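Can you build the whole structure from these sequences, using the hints too?
4 protein chains.
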Amino acid sequence: MIVVLKPHVAPEKEAELRQYMLSMGFTVQDIAGESTHMLGLAGDTSHLNAETFARFDIVDHTIKVRESYKLANRRFHPDNTVIDVNGHKIGDGSMAVIAGPCSVESEEQILSVARDVARSGAAFLRGGAFKPRSSPYAFQGMGMEGLDLLKIARSKTGLPIVTELMDNSCLDVFEKHVDVIQIGARNMQNFSLLREVGRLKKPILLKRGLANTIDELLMAAEYLMAGGSFDIALCERGIRTFETATRNTLDLSAVPVLKEKTHLPIVVDPSHGTGHWNLVEPMALAATAAGADGLIIEVHNTPHLALCDGAQSITPEVFHTLMGKIQRVHEAVSDN
Amino acid sequence: MIVVLKPHVAPEKEAELRQYMLSMGFTVQDIAGESTHMLGLAGDTSHLNAETFARFDIVDHTIKVRESYKLANRRFHPDNTVIDVNGHKIGDGSMAVIAGPCSVESEEQILSVARDVARSGAAFLRGGAFKPRSSPYAFQGMGMEGLDLLKIARSKTGLPIVTELMDNSCLDVFEKHVDVIQIGARNMQNFSLLREVGRLKKPILLKRGLANTIDELLMAAEYLMAGGSFDIALCERGIRTFETATRNTLDLSAVPVLKEKTHLPIVVDPSHGTGHWNLVEPMALAATAAGADGLIIEVHNTPHLALCDGAQSITPEVFHTLMGKIQRVHEAVSDN
Amino acid sequence: MIVVLKPHVAPEKEAELRQYMLSMGFTVQDIAGESTHMLGLAGDTSHLNAETFARFDIVDHTIKVRESYKLANRRFHPDNTVIDVNGHKIGDGSMAVIAGPCSVESEEQILSVARDVARSGAAFLRGGAFKPRSSPYAFQGMGMEGLDLLKIARSKTGLPIVTELMDNSCLDVFEKHVDVIQIGARNMQNFSLLREVGRLKKPILLKRGLANTIDELLMAAEYLMAGGSFDIALCERGIRTFETATRNTLDLSAVPVLKEKTHLPIVVDPSHGTGHWNLVEPMALAATAAGADGLIIEVHNTPHLALCDGAQSITPEVFHTLMGKIQRVHEAVSDN
Amino acid sequence: MIVVLKPHVAPEKEAELRQYMLSMGFTVQDIAGESTHMLGLAGDTSHLNAETFARFDIVDHTIKVRESYKLANRRFHPDNTVIDVNGHKIGDGSMAVIAGPCSVESEEQILSVARDVARSGAAFLRGGAFKPRSSPYAFQGMGMEGLDLLKIARSKTGLPIVTELMDNSCLDVFEKHVDVIQIGARNMQNFSLLREVGRLKKPILLKRGLANTIDELLMAAEYLMAGGSFDIALCERGIRTFETATRNTLDLSAVPVLKEKTHLPIVVDPSHGTGHWNLVEPMALAATAAGADGLIIEVHNTPHLALCDGAQSITPEVFHTLMGKIQRVHEAVSDN
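Those sequence lines, one after another, are chains A, B, C and D. Note that the working numbering has the first sequence beginning at 1, numbered continuously upward. Note that the working numbering has the second sequence beginning at 1, numbered continuously upward. Note that the working numbering has the third sequence beginning at 1, numbered continuously upward. Note that the working numbering has the fourth sequence beginning at 1, numbered continuously upward.
These are calculated hints, taken from the structure and not from any lab test.
Okay, derived cross-link-like pairs now, SDA-like style, lysine to any residue, Cα gap no bigger than 20 Å in a straight line:
#1 D:261 <-> A:61
#2 A:64 <-> D:64
#3 A:201 <-> B:137
These stretches of chain A come out as covered by chain C in the derived footprint (C-beta under 8 Å, 3 or more residues):
#4 210-221
#5 231-243
#6 256-263
#7 284-296
Please read all numbers here as calculations on a predicted model, not as lab measurements. No residue lacks a Cβ here, since even glycine has one placed at the ideal position from N, Cα and C.
Here you go:
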């Protein structure tokens, strides 16, 4: 960390600051600019806030040189993490596709979609049992009953299930029955939830928050890893910007940026990322070309009757064709 | 709601859509544009998603004409809501100032700050016992012990306490001991939490999320109100934009916009909104001039030693002078 | 256009508004909601601002149903525009790659890069002669001399040249010597410039502004087309968001969105869109998979010595390998 | 500037980089972190791009410690700049109000508004003769005729005139006849225009671009100052964010931030900053409380018939009342 001082600092003030730094266990080095005096700190600064020294009157600003995340950092863990659920893998060089409806609505619906996406080559089944909805008056998901239906679909198709956990009250059930626990975008900085889920040591799909930077996503993963869960897939699902033609702005550059910064696998959600079913195909292909390890795609047998997110769901037929194209693009960009 | 159709729609497709609308209990009206055909829906559309009809192939897009919030809507509840905790009020035309440290750190600290801010005219004491921190390695707050210290400070000063609730595990304790429950920005769309807190029927300070629109803030309030809690203060605390000179961009226009849309009182947080202690004064005064009902300000006796947010905390001395200025600006803009 | 009225409007006020609408040549239709009264306007509203009626006290808000752009609108011009400069095409189903250095620096440099990119299959040569720089103290380009060097490079390689026009003072020279005139992101809403350039009736590469929506980009194209220039390629080059890991956020969803809204070809700039040379390859491939008609890529023979944008330039060797991959991805997504 | 190296750098590569730095006239200092090696540069780095060294393979990233603007920097010019046009001042501690219609529409209109705002205490008259409009089909201003009408209004009221210059073709006329030349938000980074206008050495009102940071605004001012114009008022007029309740998000924190960074006076535009006439009053008062040196406000005698921006214009009556409130708030925050 580098602490930039204001001009014309009183020597006793600077001595006080230096003393404080030393008392925290750092070594301090003087750095001279032309019109600027700086102090460089050596030692483990990962636990320090950038603001720690901003409290001192004589400090102009501070500069963090290194990342605050350690366990998620490729610098210290160069090998790719591969998530493996009964042979269904994310991060091993294959293209893992997670597919299914926004919400579980009935046994018939989830079984029908699960069979269709399995047949087309999906590796995981998604489906919401507990739904975060921006209106208290909207359909809130089937809850435990939805979870039971997902289990039936898993037993019929062999697809591991991915579903969202919204609070700590269902931790036990999710630990027992869910294969990959999804943390939704709105909960990415729900630190109480991250702390508890981290202790379960299960595979987790962690979605990037609408207004969260790539570094904050990695810090959220760090919470989960500090709790003992290391099988984490990071999910880019669009950020909030001024553009309104799409529901969110899918930040595909985040894929190669994350591949450089972390060893964790990266999944892209073109359904939430765009909000329009007809944008799902081009953005799924673009994500594949950008180097994503997986995709999560909303598929519904009758999108125009879906209880949730029908506008961004594709039909099993469209999904089937898309899977062929994904395969072709994945081969085109693979190094062999 | 208005549903805009694509050009050259097959009559049987349009008939199917109309039938569906009628089956949901709406009356349907044809609206003709020059190159556009639209269907207008009358009936209660507040429970409808804008996307409900976007699922139909023949629909170009849909337009929501009315707000989805009812209980929070000034259109239906024209009179201002006034929160009253033992005579300490927010929304009655006075300027309610909530002040105190980011985190409770010790009995001595919280008592000292509480006495200082009470003496300067603060109406409520703030202080974090449970802290949402972006790093798992940072100080996470004193927890229950911090809550006990806040209670001591309340008994010594008479100031009601405002403190953040992070998850459902502490609902009982907060119900019993906290005067105003704060929902933090990162939990504004933690719908599980909103649902449970709403049932407590206690005063709530609801902070706007970093990437949330004014309408989404009102929908979050609607969650709390649908649960039975009507004493809600909305808090503008800065949104995330491209500008990095400040920690967030304080959206003061939200104050008059909210005053028009809702009857709930509006509080502004210039500390989190800017992230720099020297910007707290000008933005506190600006918020007052913009018509805010209250302010929430971080005050620390020794900011340079604070365990959290020291960079944006002001000293009791600065706070004291600021209170005088706030008073003068409040008088200047009051209609009398 | 739909004009939503406030509740409880005085009849004479409404009559006055109606009269005004009729006087502007529109037909007016009543639309009834449950708690809302609206007026629907039929007629050509493309010349109207959404705010035109917002001036009336009794108007709550107005809703624009149709786009303001006509000439650029695929609704009225369904066939793809193909730009053809001596057989070098953009928009014909091939993948047009525009490559070259950020700035022309010397004859040796531009000739060397031009030959390299031509050999690798680029269709156009880019190179800045006049440079928009955020600091008045930075290198501002070689000016006319740079243009002369580009002409030499064109004569040696046969590649048409694409270069940026910054103001009206060079219109004549650009008209005579430049094949495709680039309007930079910072000038996308320099309407004086758009008006003049539109009159030249030359091919134009129009870059999206950092903070401009897709609709505003189309309105800027409309300016050029209203002047008589119809061969316009739109360029997505990243928008400004809160994320700082990349120089801008490349909005690849804009590609399929634009393909739907307009008949003009779409080019993507992964160099400015990311700001980092090692992100150019994945984002170039992603843009190709998303359906772009072309790419514009910064290539420099010695990036570490470039006078401008060296950080985001790739070497001719990296470019050569990339061209092979672009070809493979383009084939994978083409329908045949 | 600090250059952070990647780990495990080959010594000969580092030597090459050092040699390059020395060749540019800098002195180089080693800075050691625990897992990081950095090089500190001393010398005048204001002409350097942050990316200058990013071209070298061994460089992880670079950190700019000091601002790139010199002439606009309060660090080197601590005294406030005061603009004085025949005794009408901006920046002298008074509250300078610039008022008038969006566009000049007729002699009757501009004279009527000019007299009204003069009577209410405005110090300058604004009015657009050349208008930047996002649609080529919208009213583009009266041009030279509008300028003539502004001159008449000036002669009748004594108010200096502020009007926007859109391109270099009118430089002479503006030099001769306009008192304060306005550079609009869309032209803030039109560097050709900045260069030419800077040479005129006239007072300039420079508006912040929709997507421009505070530092970029200061760099644009630096362009003007490098040309010889030192009387520059910076204008905050709202930035583009995800919030759509207002036309832009007025960033009032920019006022105290700018007061700290620069000696130039700061003007706030609550009309464009919000886009709604009923938000103009609260935000004008908030800007005054935040410490602005001036305001620019759209006033129209018949807003519902205005050819431009009627939705955000206030009437002379509303303006008159507002001026009284501005005065009261200004006194409340002034130190005396």
